Structure formats: C-alpha cells, structure tokens
Amino acid sequence: MQAGQTVMERTQAPPDSGMNSLARFFFGFRRSSKAMRIFFAIAGPGIIVMVADNDAGGITTYTQAGAAYKMHLLWFLILLGPVAYYVQEMTVRLGAVTKRGHAEAIFSAFGRFWGWFSLLDLVLTDWLTMITEFIGMTAAMSIFHIPPTLTIVVVWIVMGSMILSGRYWTWEKITLVFCVVNLIYIPAAFMVHPSVKDILQGSLIPHFPPGGLTNALFFMLMALFGTTIAPWMLFFQQSSVVDKGLDEKDIKFGKADTAIGAVLTVVCAVVLIIVCGTLLYNPDNPIGDAAQAAKSMMPTSRFIGTTFAIGLFDAGLLGAVCISLASSWAFGEVFGWAHSLNHKVKEAPWFYAYYFFDLLLAGAVTRLLKGPAQVLVTLFVQVIATTLLPAALVFLIVLLNDRKTMGGHTNTRWQNIANVTIVVSIVVCSTFYAITTIFPNLFAAK
Amino acid sequence: MNAFHKMSAAIVQIPAAVVRSLVSQVRQVNRRYVKPEIELTGFTKVCLFVLRIYLLAMIALMGYFLVQQVRAIGSGSLGHG
Numbered sequence: 018m019q020a021g022q023t024v025m026e027r028t029q030a031p032p033d034s035g036m037n038s039l040a041r042f043f044f045g046f047r048r049s050s051k052a053m054r055i056f057f058a059i060a061g062p063g064i065i066v067m068v069a070d071n072d073a074g075g076i077t078t079y080t081q082a083g084a085a086y087k088m089h090l091l092w093f094l095i096l097l098g099p100v101a102y103y104v105q106e107m108t109v110r111l112g113a114v115t116k117r118g119h120a121e122a123i124f125s126a127f128g129r130f131w132g133w134f135s136l137l138d139l140v141l142t143d144w145l146t147m148i149t150e151f152i153g154m155t156a157a158m159s160i161f162h163i164p165p166t167l168t169i170v171v172v173w174i175v176m177g178s179m180i181l182s183g184r185y186w187t188w189e190k191i192t193l194v195f196c197v198v199n200l201i202y203i204p205a206a207f208m209v210h211p212s213v214k215d216i217l218q219g220s221l222i223p224h225f226p227p228g229g230l231t232n233a234l235f236f237m238l239m240a241l242f243g244t245t246i247a248p249w250m251l252f253f254q255q256s257s258v259v260d261k262g263l264d265e266k267d268i269k270f271g272k273a274d275t276a277i278g279a280v281l282t283v284v285c286a287v288v289l290i291i292v293c294g295t296l297l298y299n300p301d302n303p304i305g306d307a308a309q310a311a312k313s314m315m316p317t318s319r320f321i322g323t324t325f326a327i328g329l330f331d332a333g334l335l336g337a338v339c340i341s342l343a344s345s346w347a348f349g350e351v352f353g354w355a356h357s358l359n360h361k362v363k364e365a366p367w368f369y370a371y372y373f374f375d376l377l378l379a380g381a382v383t384r385l386l387k388g389p390a391q392v393l394v395t396l397f398v399q400v401i402a403t404t405l406l407p408a409a410l411v412f413l414i415v416l417l418n419d420r421k422t423m424g425g426h427t428n429t430r431w432q433n434i435a436n437v438t439i440v441v442s443i444v445v446c447s448t449f450y451a452i453t454t455i456f457p458n459l460f461a462a463k
Numbered sequence: 004m005n006a007f008h009k010m011s012a013a014i015v016q017i018p019a020a021v022v023r024s025l026v027s028q029v030r031q032v033n034r035r036y037v038k039p040e041i042e043l044t045g046f047t048k049v050c051l052f053v054l055r056i057y058l059l060a061m062i063a064l065m066g067y068f069l070v071q072q073v074r075a076i077g078s079g080s081l082g083h084g
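In order, the protein sequences belong to chains A and B.
Just so you know, the first sequence maps onto residues 18 to 463 in this note's numbering.
Just so you know, the second sequence maps onto residues 4 to 84 in this note's numbering.
Mixed in with the good hints, there may be bad ones.
[Stated by the list, open to error] Per label pair, the in silico range of CB-to-CB distance: (1) A63/B <-> A390/A: 19 to 25 Å; (2) I56/B <-> N299/A: 39 to 45 Å; (3) A60/B <-> V197/A: 41 to 47 Å; (4) I17/B <-> F57/A: 57 to 63 Å; (5) K9/B <-> G424/A: 55 to 61 Å; (6) G388/A <-> L25/B: 46 to 52 Å; (7) K38/B <-> N302/A: 16 to 22 Å; (8) M208/A <-> T44/B: 53 to 59 Å; (9) A60/B <-> S49/A: 51 to 57 Å; (10) I17/B <-> A355/A: 19 to 25 Å; (11) G353/A <-> K9/B: 55 to 61 Å; (12) F456/A <-> R23/B: 25 to 31 Å.
Since the hints were derived computationally from the structure, they do not count as laboratory data.
Computed from a predicted structure; not experimentally measured.
C-beta atoms are modelled at their ideal positions from N, C-alpha and C, and glycine is treated no differently.
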C-alpha cells in the first residue's frame, strides 16, 4: 500500500497483477461495500424530502384519484417520478457546491426584490401548508376518537423534541424512521387483492379514463402534478444538504439518495391509488378526503382502515417537520442567524424561536378553524403555491447555469432541455390549476 | 402597584424590542444584498420581467379569490371557488 492512496484506490486490484477471479471479486466487494457505507452515511435529505412530499394533502389527492379514476392514472404518477428527481437533483448540486440554502442563493444572485418575494411567499405558503398538515393529523386521529387538542399537543411535543437534540444526525435518523412508517400502505395494497391486469394497464399504457379528458380529470391531473413538486421541497433539500455538510464529492451519492426518494414517493402514491381504486372506486360520488377514506375502509377491513389512518397521520407529521424546518432554515440563512440543527438552542436562539413560533401558531390556528374555514385554507394553499413554484424553479435553473459559481457542476445542455421543459410544463399546469380553482366554471362544458 | 407597573412595562417593552431588532436586521439584509451577484443575460432579464408581470397577475387573482371565499363563508355558502 502506497502513501497518498485514496481508500478507493487501495481497495482496487493492482493492474496487471494476474490475480484470479476470486481475488478480483474480493476487491470488487470491498469497493462496493465501502461505497454502500458512504451512501448510507450521506443518504437522508433526498429520501426525506421525497417521502415527506406525500404529505396530508398529497395523500388526499391520491385518495381522490384512486376513488374517482381507479388505476387509470397510474401511468401519469409514474411519469412524475423522474420529473421530481430532475428538479430536486438540482438542489443537491447547488447546495453541495455553494454551501448556501436556496433562500440565501436567491438573495445573493437576484437581489432584494426577488429575495424578499421568495422568502415571504415561502413563509406564507409553508405556514398555510402546516395548517393543512395539522388538519390531516387531527382528522386521522379523530377516527380513533382522540381529541384534536390532544393530537396537536402531542405533535408539538414530538416535533419539538426531534430538533432539540442539537445534532442534525439525530433529527435525520428519527425522521427516516417516520419515512419508513410512511410505507405502511404497501401491505394494504396486497391485502385488497387488486386486479393485476388493471394495474398493468393503468401503469404501462398512457390513456384517459372512460369519459375522456373532462374538466374534473384535467383538474385532477394538475393536482397530481402540483402535489409532486412543492416549493418548500426546493428550499428544504438544499438547506438540508448544507446543514448535513455534503461536499462536491458527495454529489453522486446525493443524487442516488434523491433517486431512491423519488422511487419511494411514486411507490407510496401508486399503492394508495391501488388501495383506494379497489376499495372505494365510485366515479359518480368519489370520496372527499383521506380521513373519510380511512373511515369508509373500516367496515371492509379494520386493519386496512387503521393503517390508512396511521399513514395519514404520519404523512402529516413528516410534512409538518420538513415544512417548518424549510422556513426556519430560510430565515436563518437570510438574516445571518446561526441556523443549524447541530447548534443547541443557546447557540441558535432565533432559529429555534422561529421554528417553535411557526409550529405553535399553526397548531393553535388549526384548532380555531372550523369546517368552511378549513376548506378555504386547503384551497388557498394550493393556489398560493403556484406563485412561488415557477419563480423558485426559474431561479434554480439560472443559478445552475452560472459557470462561475457551479464550475464543473453546471447544467449540461440535456439537463437544461429537460429542466426547462419541466419548468414550462409546471408553470402552465400550475397556472391552469390556480385559475380553475379560482374560477371552477370557466372551462365547464355547457 | 409599582411591581405591576414594572411588569406591564416589561410586557410591552419585550415585543417592542423584538420588533426593533427585526427591523434593524431587515435593514442589514437589504444593505447586504443591494447588488445581485450574478451577471444576467438579456434573455434572463426579459424572462424575469415577464415573471414579475405573471406573479403580479397571480397575486391579484389570489386577492380576488380570497375576497370571494371570505364572502362565501360569511354568507354560509362556501363551495369550491
């Protein structure tokens, strides 16, 4: 072994050594196991952000998609997986190279107007989304007759405890456990004995459900698109990459982490559609939300209904954890506060103060909101997110094309083509989604 | 009474101090980021201008939507849009 050799070089077989296949296999295995250990150390931000994307609002959207259209939209969901990967992968590169969060990057690169617009829009969107997460969690626990106030207090305690360890590593591992719980839907997909033929047809053959492209279907497609890529995801993953301390040499593992997360998020979404499409399919009177779906499943199978409710609670909790941190990190980056989970409360008081203020206010407001006001918040957050997402994506692409900053990690031509196509599609779809939410009868058939 | 007055003054002064601190920090942020770091091409500047118009239109629509929904809640007829 020579001085100055890297670990990877040491685990490679010496060239032209005449080694037999067993020795080569041994060296190959050592190299692979080393890479796996590095990957497991670096994995986290991508998996967390993607699984958390299936938050309470996302679960409701997939529930409605399955209940109204059975398996006919599986192909669309599968197509959204790579879309989410391409967008989130850019934040990994940007965070690892610049060592700055997305909010700070926008302020630095584009100035005060766009910086404040992005930050304030993010804070408002995140806070409203937090309320929808709390609504989902209280609705899920009310199925087990747990009072909403108790649910909110327990969530406050859990979310508060998670970040008070003073170590990013601890918070990440706890969150990954919640991500694993999010996979609770998978056994249910087998238990409902879905039609394999319907699943294969729905997944592999792009087509519209019976009835063709109606207004309601168009709205659902755009809702699926909108729930797959949310503005907070860009800010969260980039800040998380920075807080975790990822470097340029870790980018390939960060990309793998994001790819695995994209696969998991599509798997969860597909499974939800399979379960709801099999048990709750009723195109004339589809189910309204995920909590209602869980209640409807109880007579068929208490186990499936229970896992659905637990999954909904977990989805809301994961979403709330990530969204609140996205805002706190963004504020800390811009204002120059200490803003790392590796800091204790005394070392980063403003960071933790904002986090707890956001958390407590969202929970308290959720408790005060009743029926119609809850519907308003849920609708409004879907619309307001459309203002932030296009801008955040445009900034991301411009920043990734700044060769002076990104060096060898600048977007390639094909990456630009893919990303610009995705951004244009998102802008068009989110705009239509916002307009049809605000004016639902605008495109109605006469 | 003296202790009560002191406590009342403290209750008022703490949020006021927080607000003053935040305002001062906002001014610092504005000074720090007064000039954008990256050189934007002409095409990018046009795109950002179009984006501003788009966002202004979306914000106006959202304001309209919010007013309509609040009115609907007030009249007890909140529906979708």
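Structure-based check of each hint:
1. A63/B <-> A390/A: 19 to 25 Å: The hint (19 to 25 Å, Cβ to Cβ) holds, given that A63/B and A390/A are roughly 23 Å apart.
2. I56/B <-> N299/A: 39 to 45 Å: Once the Cβ atoms are compared, 43 Å apart, the range 39 to 45 Å for N299/A and I56/B holds.
3. A60/B <-> V197/A: 41 to 47 Å: holds, 43 Å
4. I17/B <-> F57/A: 57 to 63 Å: At roughly 46 Å between Cβ atoms, F57/A and I17/B fall outside 57 to 63 Å, so the hint is violated.
5. K9/B <-> G424/A: 55 to 61 Å: For G424/A against K9/B, whose Cβ atoms are near 59 Å apart, the range 55 to 61 Å holds.
6. G388/A <-> L25/B: 46 to 52 Å: violated, 35 Å
7. K38/B <-> N302/A: 16 to 22 Å: violated, 58 Å
8. M208/A <-> T44/B: 53 to 59 Å: Hint holds: Cβ distance 56 Å, inside 53 to 59 Å.
9. A60/B <-> S49/A: 51 to 57 Å: holds, 53 Å
10. I17/B <-> A355/A: 19 to 25 Å: holds, 21 Å
11. G353/A <-> K9/B: 55 to 61 Å: violated, 34 Å
12. F456/A <-> R23/B: 25 to 31 Å: violated, 44 Å
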